[in-house]
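Asker: Chains as they are written, first to last, in this note's numbering: chain A, 19 to 121; chain B, 10 to 175; chain C, 30 to 426.
These are computed hints drawn from the structure, not numbers from a lab.
It is possible that some hints are incorrect.
No more than 20 Å apart at the CA atoms, straight line, and that leaves these computed lysine to any residue pairs for SDA-like [what the hints assert, rightly or not]:
#1 K117(C) - E87(C)
#2 K121(C) - Y98(C)
#3 K191(C) - G115(C)
#4 K109(A) - E131(B)
#5 K191(C) - F78(B)
#6 K109(A) - M168(B)
#7 K117(C) - I342(C)
#8 K117(C) - R88(C)
#9 K109(A) - G101(B)
#10 K191(C) - M82(B)
#11 K109(A) - M82(B)
#12 K191(C) - M81(B)
#13 K89(C) - G115(C)
#14 K117(C) - A77(C)
#15 K109(A) - I166(B)
#16 K191(C) - N33(B)
#17 K109(A) - M81(B)
#18 K117(C) - L79(C)
Coverage of chain B stretches by chain A, computed from C-beta distances (three or more under 8 Å per stretch; other residues unrestricted) [as the list claims (entries may be wrong)]:
#19 11 to 25
#20 105 to 112
This one's a predicted model, so the numbers in the text were calculated from it and none came from an experiment.
Think of the CB as a built atom: it goes at the ideal place given N, C-alpha and C, for glycine as much as any other residue.
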Amino acid sequence: MSSLQDYLLLSSLLFSIGLAGVLIRRNAILVLIGIELMLNAANLNFIAFWRFGPNPSALTGIMFALFSISVAAAEAAVGLAIILAAYRHSKTTDLDRMNSLKG
Amino acid sequence: MTASFMILALLTVAGMAAAMGLRNAVHCVLALTVGFAGVAALYLQLGAQFVGLTQIMVYVGAVAILAVFAIMMTHSPEPVKQPAFSSQWFVGGIVAASVFAVLAWAIHSNAAFTQGLPPQPEVTVHQIGDALMHHFVLQLEIMGLLLTAALIGAVVIAMGHEEEMK
Amino acid sequence: MTHLAQLAQELDQIFVLAAHWLLSYLPAALQPLCSAILSVAAIIIVFATLFALTTWLERKGLGRMQNRYGPNRVGPFGMLQPIADGVKSLTKEDIVPITADHAVHFLAPVLLVTASFMDYAVLPIGRNMVLVNLNAGVLFFFAIGSMMELAVFMAGWSSRSKYTLLGAMRAIAQMISYEVPLVLASIVVIMQAGSLSTVSIVNMQATYSGIWPHWFVFTPWGFAGFVLFMVAATAESNRSPFDLPEGESEIIAGYYTEYSGFKFALFFLGEYIGMFATSGMAITLFLGGWSAPFSFLTWVPSYVWFFAKLLAIISVFIWIRGTLPRLRMDQLMNLAWEFMLPMTLLNLLTAGIWHFMPAGSSRWLVCSTMVVVPCILLSRGLKHRKKFQVRTYHYSE
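One chain only, chain A, in its complex shape:
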């Protein structure tokens, strides 16, 4: 029988993987994807807490996960548009080389 603990551990592992990706990848698109991973981990927590919580018929967790998925989709669209605009400006998506403000 899986308990709430298993789901929470899994989601914290996913969150850490996403965080590691955000911190160490050079490609801006993959950094954005790392952020999506962290959002997914949070969604998994919402659904797990909804399922194991005292009042699943209130659907709060499901609603939060649905809204969160929509926000994530909007974020991905705008984020990728910004990356495209930045690419057009600096001809690279490498975050280590996007340093024109550096003196």
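Let chain A serve as the given structure and place chains B and C on it in line with the hints.
Answerer: Quick look at chains B and C alone, frame taken from chain A:
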């Protein structure tokens, strides 16, 4: 811990880890879709059918496709000579590992999280629609506004200026 | 008379009863698993056979339209041609480009075929004949359908060829653009039925007033929705006149140029299976699924009606392919965003008004006007903008 949970968890973690670790950006996105599908399967296992299918539709069908389109348009699919990881990769790794350690310790030491699975609640699409239209209607409207703003904003940002396009 | 009615009912349920009879010999623990395997095997065999039949029908039909014979060497009327084609594709050498990404190149056709067969899980092909009656069946269908874009991208990218990449980009742009009107066109039915379950949508349409069934296509919004859905479905399944992703005179075979032998056949299969699935969804949503067109024909088994409607839609697809020339890329995109999208949104409004107006001829008049007048105005207006003008060909002048 059931066998199905173990398999799905392994699949999800493997997909997500590959998405963050592979050198080729397109391979990363393809591995990522495996991870997203694994999360969707976990939702289905938890009885959240609607959310699981929405996850597949939004993440596999839209976000992953958007990401590969962006990779194609920025000419970064082929692995380049320079390393895929940032020069301070070990710092990032240590931060992520310590975050996981703290979270895992907190979850592990809390006895309230070890309870078993309560009986499956009955959630129909009808109930979700009802809740969206009555209890959560303001949030739904705000979400619609946000998505419209994001749509227009993304188009305006990505379109660029007229003289640049020539 | 009651004896005859019972016979008709048993004939209707013959496959369900046969499955029950077969499963009764198995231990109870194995029954759910074996039942699933049996149903999946039945779906795969039936629709793969239909695929073979359709390739023959299509080649014959196109041959007739182009004033030639079509296949006529293997078997009577060339009917065994699909078998010969299958043997040919199995025995051909499987060539993979040396620069290709081998794993992704191999996985693309597998994913495409798997995803297109998974669509059938929620299609009711007869009374009590559905694999799983999901509460969110229509959503499942569209979620699985969106996975096909990924397979197309995998095929186009992994081959490392300009034609495949161009084809894949065209295909994805087209499939994403037409997915919006496809989903919006089916939402009118969901609004009216109040359910996302395919089984209850069909059950709602399988009632009669007089001899006429309550199919959703027999309402103004349902008819407009059906037409819009079918146009979007043609684009989704990359059929002519929307076959830019694989336009052979432009980019060889599009995203599957670099596939040969059995993998090529798998792409072919996946594409046709996807087309059948989308047509099956159109039948489920608008044409009453397995229900009979007249109340006095209900004695005919339900699955016969489903497959009759499916064959009729396939014939229309073949007819359109033989008739219409291919669109240009900008025309294709403009059609999706400037005509289809406003029409589907307007159709949503029409369906809402239909729901709240009292039944009678007034709501027929209002709703028909709401659909027809904007359609004419929009197409007129767009025609004046030089984007959908009648095409002229230099050689024909």
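Asker: Evaluate each hint against the coordinates.
Answerer: Okay, the hints, checked on the actual structure:
1. K117(C) - E87(C): holds, 19 Å
2. K121(C) - Y98(C): violated, 26 Å
3. K191(C) - G115(C): Measuring from Cα to Cα gives roughly 28 Å; hence the hint is violated.
4. K109(A) - E131(B): Not OK: K109(A) and E131(B) at ~52 Å, beyond 20 Å, violated.
5. K191(C) - F78(B): Cα-Cα ~16 Å, so holds.
6. K109(A) - M168(B): holds, 16 Å
7. K117(C) - I342(C): violated, 29 Å
8. K117(C) - R88(C): holds, 17 Å
9. K109(A) - G101(B): violated, 26 Å
10. K191(C) - M82(B): holds, 15 Å
11. K109(A) - M82(B): holds, 11 Å
12. K191(C) - M81(B): holds, 13 Å
13. K89(C) - G115(C): holds, 17 Å
14. K117(C) - A77(C): Cα-Cα ~17 Å, so holds.
15. K109(A) - I166(B): holds, 16 Å
16. K191(C) - N33(B): holds, 19 Å
17. K109(A) - M81(B): The given pair, whose Cα atoms are some 13 Å apart, holds under the 20 Å limit.
18. K117(C) - L79(C): holds, 19 Å
19. 11 to 25: Since 6 is at least three, the answer is holds.
20. 105 to 112: Check passed, 5 qualifying residues.
Consistency note: the structure conflicts with the earlier hints numbered 2, 3, 4, 7 and 9.
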